[in-house]
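**Student:** In this text, residue positions in the sequence shown follow the numbering used here: the first is 135, and each later residue adds one.
The reader is advised that the hints may include incorrect statements.
[To be verified] Computed Cβ-Cβ distance ranges for the label pairs, DEER-style:
hint : residue 1 : residue 2 : range
1    : N136      : A195      : 36 to 46 Å
2    : E146      : D196      : 14 to 24 Å
3    : L188      : S158      : 32 to 42 Å
4    : A174      : D196      : 18 to 28 Å
5    : K137      : A192      : 37 to 47 Å
6    : D173      : E198      : 33 to 43 Å
7    : L183      : V162      : 19 to 29 Å
The hints are simulated quantities; they were obtained by calculation from the structure and are not laboratory data. By construction, the Cβ of each residue, glycine as well, lies at the ideal position given by its N, Cα and C atoms.
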Amino acid sequence: MNKPYISLQPTEVALLDSASRIYSARLVSGQVADGCESDALEAAVSESLSLARLIDEAVMADKELD
135 MNKPYISLQP TEVALLDSAS RIYSARLVSG QVADGCESDA LEAAVSESLS
185 LARLIDEAVM ADKELD
């Protein structure tokens with residue numbers, strides 16, 4: 135059996151966590167209509183990227199000080 139191999143970088147893992155929380159919150163609250171799961175997933179990913187960009191613009195991380 136071929137199993138897919140996925141290796142995510144730390145930033146990708148953080149975005150996956152964010153997107154999965156956004157998606158699951160919508161799913162549990164009934165905001166995702168049947169057949170629209172893919173659209174809801176794409177929206178969650180897009181929103182997590184937007185959040186990451188906002189945070190990156192607002193906050194200077196320790197490694198950015200060097």
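**Student:** Run the structure past the numbered hints and jot down the numbers of the failing ones, going up.
**Tutor:** 3 and 4
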